[in-house]
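Novice: Letter by letter, the chains look like this.
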Amino acid sequence: GAGVSQTPSNKVTEKGKYVELRCDPISGHTALYWYRQSLGQGPEFLIYFQGTGAADDSGLPNDRFFAVRPEGSVSTLKIQRTERGDSAVYLCASSPGRGDDGYTFGSGTRLTVV
Amino acid sequence: AQSVAQPEDQVNVAEGNPLTVKCTYSVSGNPYLFWYVQYPNRGLQFLLKYITGDNLVKGSYGFEAEFNKSQTSFHLKKPSALVSDSALYFCAVISGYSTLTFGKGTMLLVSP
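Those sequence lines, one after another, are chains A and B. So the first sequence is numbered by this note's numbering: it starts at 479 and just counts up by one. So the second sequence is numbered by this note's numbering: it starts at 65 and just counts up by one.
One chain only, chain A, in its complex shape (with noise of 0.2 Å):
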């Protein structure tokens, strides 16, 4: 596609629900990243994706979250047991290679967890 898509652009869930986020990256682009933006703050990294795997997890905050790229392009971000500090705008982002020359980034989804 011509930019970066995430689906949906907002998801209202209640605690101890069970959410979905997808992210459609560049045609093209093998790298993949999530962030997580708090209001007031700058995106905070989550999981890296080179291809269909992950390269870098390291920003997961706890096992409630996890991601997949099972083919390389689409990704899913997956997350357990919401609860209310989960709620922050998701933000996905793709690059042709290693990310040197930056980053083109989706509009985000803006998650809410009542």
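No false leads were slipped in.
A few chain B residues facing chain A, derived, Cβ under 10 Å: (1) 68; (2) 98; (3) 106; (4) 107; (5) 115; (6) 155; (7) 161; (8) 163; (9) 165; (10) 168; (11) 169.
No wet-lab data here; the hints were simulated from the structure. Nothing here was measured: the structure is a model prediction, and the numbers come from that model. The beta carbon of each residue, even a glycine, is placed where N, CA and C say it ideally should be.
Based on these hints, arrange chain B on the given structure of chain A.
Specialist: Frame of chain A, contents of chain B only:
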């Protein structure tokens, strides 16, 4: 570990005046530096980058930034601010095989 500091939460400037948004960084190797802009309810948009070469980098919408290795700074500048420049600005750094690390952001408010 790498880090970015944006010391100002907010910068206020009158339209037509020059603007500066400050950024300093800390990395163990050679830095690749970036500025992104975020408008309300929008994703991050790339403005400019420094990889190597000329210390003065020119980017989108008339913005520029100066890399200063001795001061580990990468301040964003524009000679004449527009009201439409009002947005949230993020400085970011990458080094080696790391991923982008962002500052906390600076809100730029340009008054008419």
